[in-house]
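> Sequence:
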Amino acid sequence: MTATVSSKLLDWYDGHARSLPWRARPGEAAPDPYRVWLSEVMLQQTTTAAVAPYFAKFTETWPTVEALAAAADEDVMAAWAGLGYYSRARNLVKAARAVAEMGGFPETEAELRKLPGLGEYIAAAVAAIAFGQRAVVVDANVERVVARLFAIRDPLPGARKAIRAAADGITPDERAGDFAQAMMDLGATICTARDAKCLLCPLMDECKGRAEGDPVALPVKAKKKAKPSRTGTAFWIQRGEGDTREVWLVKRPGKGMLGGMRALPDDGWSSRGDGSEDAPVPGAWKAAGVVRHGFTHFDLEMGVVIHAGENAKPVGEGEWWPVDRIEDAGLPTLFAKAARLVVADRE
DNA sequence: AATGCGTGGAC
DNA sequence: TGTCCAAGCAT
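Just so we're aligned, residue 289 is where the first sequence starts under this note's numbering, counting upward by one.
Read the hints as simulated data drawn from the structure, not as lab findings. From the three backbone atoms N, C-alpha and C, an ideal C-beta is built for every residue, glycine too. Mixed in with the good hints, there may be bad ones.
Stated by the list, open to error - Capping the alpha-carbon separation at 25 Å, the derived lysine-lysine pairs in PhoX-like fashion look like this:
1. K515 / K449
2. K509 / K449
3. K625 / K539
Stated by the list, open to error - So the derived label-pair ranges between C-beta atoms look like this:
4. W608 / G457: 21 to 29 Å
5. G547 / T292: 43 to 51 Å
6. K574 / E316: 34 to 42 Å
7. P319 / P404: 21 to 29 Å
8. K509 / E316: 18 to 26 Å
9. E399 / A499: 39 to 47 Å
10. K496 / R448: 17 to 25 Å
11. K513 / E348: 37 to 45 Å
12. P460 / G407: 20 to 28 Å
13. G457 / K402: 39 to 47 Å
14. D502 / A575: 15 to 23 Å
15. D483 / A398: 34 to 42 Å
16. A344 / D442: 39 to 47 Å
17. K539 / A291: 36 to 44 Å
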């Protein structure tokens with residue numbers, strides 16, 4: 289069955305592979321390792337549709353890993369704004385600089401694994417897709433397809449070992465990169481989380497989950513914990529008027545929530561608790577509205593208030609940013625919403 | 001091992 | 001509306 293699965297899947301892939309910007313065109317040589325790596329980092333927990341415009345922007349601005357290595361941190365963070373999971377962008381720059389220093393990407397899984405932001409999955413994916421090595425590539429698609437194919441009923445994450453072993457057993461020595469991408473395409477288009485279009489599946493006849501009648505029920509997952517709700521405040525401090533109007537932006541600490549990103553000053557809200565409502569500068573404040581935003585692990589209701597005075601003098605690190613170019617500041621979505629609230633309110 | 005870490009789309 | 005989900009990684 290092992291050889292049957294991989295050959296059937298590869299045959300299917302030859303006719304049904306998705307056309308994606310980071311893939312080599314059919315008949316082309318292996319894709320550029322830089323583009324493979326960049327796409328894999330962007331694609332973590334992120335849909336191909338969301339990634340596509342960011343991938344285009346990044347490869348246009350920084351066509352090579354050397355170019356990215358030479359970029360300023362804040363430019364990369366701003367370009368990443370809106371894509372989420374900002375530690376990916378911080379590690380992206382670090383890894384690019386390490387690779388440039390080494391003179392190119394390492395080609396083995398073990399060496400790739402040492403770069404910041406490359407875990408088991410990405411190291412295996414880059415080794416297989418960009419360098420043609422046999423590597424066992426296990427992402428959420430592969431977990432789902434394998435759990436169904438072998439009717440693995442132990443719940444995740446405990447079933448990871450068994451799933452990985454089963455994936456290892458069907459990974460071919462040749463074309464391991466195509467095999468991995470084929471598994472992901474199958475998981476993305478046919479064997480999806482809410483559906484299993486078994487009649488379209490090239491592995492229909494080998495699938496134990498289908499034979500047992502309930503492929504969609506697999507893999508079994510532990511129930512998620514309820515998300516807490518928090519409240520907080522963001523502070524809009526401005527100077528000037530009209531075309532010269534500017535707003536005070538801070539840079540968030542390098543680690544933690546929205547780490548390294550430009551932001552409005554806030555009152556210290558976090559997943560652990562509500563904000564203090566303490567303003568960063570004294571004075572009267574006028575409410576502009578409320579922004580609701582769902583993070584991975586908590587929901588936030590953030591009030592946005594505007595400093596009523598003309599000449600606030602913020603203390604600490606920060607910068608005055610032209611309000612008419614606020615879209616270029618690279619604010620994460622939460623603060624972009626807050627900014628839109630204020631700007632729309634005054635126009 | 002469990003938790004922290006974004007965002008937008010599908011249903 | 002709420003809930004789940006999407007090419008995971010770091011600690």
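> All hints are to be evaluated individually against the structure, with a verdict given for each.
Now for the hints, and whether the structure bears them out:
1. K515 / K449: violated (28 Å)
2. K509 / K449: Holds, because 15 Å separates the two Cα atoms, which is no more than 25 Å.
3. K625 / K539: holds (17 Å)
4. W608 / G457: 21 to 29 Å: About 60 Å separates the Cβ atoms of W608 and G457, which means 21 to 29 Å is violated.
5. G547 / T292: 43 to 51 Å: Holds, since G547 and T292 (Cβ atoms, about 47 Å apart) stay within the stated range.
6. K574 / E316: 34 to 42 Å: violated (58 Å)
7. P319 / P404: 21 to 29 Å: holds (22 Å)
8. K509 / E316: 18 to 26 Å: violated (38 Å)
9. E399 / A499: 39 to 47 Å: Check passed, 41 Å falls within 39 to 47 Å.
10. K496 / R448: 17 to 25 Å: holds (18 Å)
11. K513 / E348: 37 to 45 Å: At 41 Å between Cβs, range holds.
12. P460 / G407: 20 to 28 Å: Holds, at about 23 Å.
13. G457 / K402: 39 to 47 Å: violated (27 Å)
14. D502 / A575: 15 to 23 Å: Given a distance of about 52 Å, which is not inside 15 to 23 Å, the answer is violated.
15. D483 / A398: 34 to 42 Å: holds (37 Å)
16. A344 / D442: 39 to 47 Å: holds (40 Å)
17. K539 / A291: 36 to 44 Å: violated (54 Å)
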